[in-house]
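Asks: Now for the letters of each chain:
There are 2 protein chains.
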Amino acid sequence: MIQNLEILKALSDMNRLRIVTALGHYEELCACQITELLQVTGATVSRHLGILQHAGVLKSRKEGRWIYYRLAPPADADALFQWLQESIGASDELKADRKALEKIAGIGREDLCRMQRGEDCCPK
Amino acid sequence: MIQNLEILKALSDMNRLRIVTALGHYEELCACQITELLQVTGATVSRHLGILQHAGVLKSRKEGRWIYYRLAPPADADALFQWLQESIGASDELKADRKALEKIAGIGREDLCRMQRGEDCCPK
DNA sequence: TATATATTTAGACGTTTAGCTAAATAAGAA
DNA sequence: TTCTTATTTAGCTAAACGTCTAAATATATA
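Chain order of the listed sequences is A and B. If you want my numbering, it's the position in the first sequence, counting the first as 1, plus 21. If you want my numbering, it's the position in the second sequence, counting the first as 1, plus 21.
Read the hints as simulated data drawn from the structure, not as lab findings. Hints may be right or wrong, so weigh each one.
Repeated chains share a single entry, so a pair holds when one copy, or any two copies, can fit it.
[Unchecked claim] Think about it this way: if two alpha-carbon atoms lie no more than 25 Å apart in a straight line, the pair counts; the simulated DMTMM-like pairs of lysine to aspartate or glutamate are:
no., residue 1, residue 2
1, LYS30, ASP99
2, LYS116, ASP97
3, LYS124, ASP99
4, LYS124, ASP113
5, LYS30, ASP97
6, LYS83, GLU49
7, LYS124, ASP97
8, LYS83, GLU114
9, LYS30, GLU114
Here the structure is a predicted model, which means the values were calculated and not measured.
Work the whole structure out from these sequences, hints included.
Replies: What follows is the structure in structure tokens.
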């Protein structure tokens, strides 16, 4: 498949757009943070991240148990991603994500993951 | 659905990319010309054109029995389409389309449609 | 009017995709 | 080592998608 077509396909899903937009604001996020943002299963997030990574949109970095993802689109798709970042944030759903992310980023990895497995320990 | 997501979805199909690329070169084309280019059923072409039109990427103009389509992306997607036109033509499949289109555009509507219904009348 | 024809719509069919649950993997902690 | 846990993989289901054929629509021509 054409590389650019694969990128377009990778971007034409709301949850994946949300991931890309989030990473446009946060430099890098771990899978558990994205899981918390999207409110879907970890497995589903993993699948979406895999699709984005395979399309060459994301790169990952492993650190202990956590895997961090960051945007890394190919140079010749720069114009596309610039358009994305500028125009896509306008939607209400993505504005809400922005707020949710602030909270998620503020919690810290360990507490976030504890929360996710239901220990209900941490900041509400 | 977010407008920009709908545009991305509309563009994430090879045949629709071929249509958009063709219209990037030819100003306007009728459905039968696009049918000849893609080599799929008229019904299928009609569906693809409908999806692109619904996403706001194309506009149509009726002239007698023929319907002509042309690119008409919304202003705030300009950057996206500029990227598309610049970067997407590099693929081999789309270069072949370019050649096929020259032939198709050279035939003329009436002869082309006669050809399509198998009368086998016209330039080979 | 009746016939021909370019396009669209409707319905069927096979493939792809997004989501889930459960099991597997990989890596720290006890 | 054994246990815990973050992530991925496998297998499933339901919905979405691309394509086809056949019928319907709209327009021109005889």
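Asks: For every hint, state whether the structure bears it out.
Replies: Okay, the hints, checked on the actual structure:
{"no.": "1", "hint": "LYS30 - ASP99", "verdict": "both (16 Å within a copy, 19 Å between copies)"}
{"no.": "2", "hint": "LYS116 - ASP97", "verdict": "between (28 Å within a copy, 18 Å between copies)"}
{"no.": "3", "hint": "LYS124 - ASP99", "verdict": "neither (29 Å within a copy, 34 Å between copies)"}
{"no.": "4", "hint": "LYS124 - ASP113", "verdict": "within (17 Å within a copy, 47 Å between copies)"}
{"no.": "5", "hint": "LYS30 - ASP97", "verdict": "both (16 Å within a copy, 20 Å between copies)"}
{"no.": "6", "hint": "LYS83 - GLU49", "verdict": "within (12 Å within a copy, 50 Å between copies)"}
{"no.": "7", "hint": "LYS124 - ASP97", "verdict": "neither (34 Å within a copy, 31 Å between copies)"}
{"no.": "8", "hint": "LYS83 - GLU114", "verdict": "neither (30 Å within a copy, 38 Å between copies)"}
{"no.": "9", "hint": "LYS30 - GLU114", "verdict": "both (20 Å within a copy, 18 Å between copies)"}
The structure does not agree with the numbered hints 3, 7 and 8 stated previously, though it agrees with the rest.
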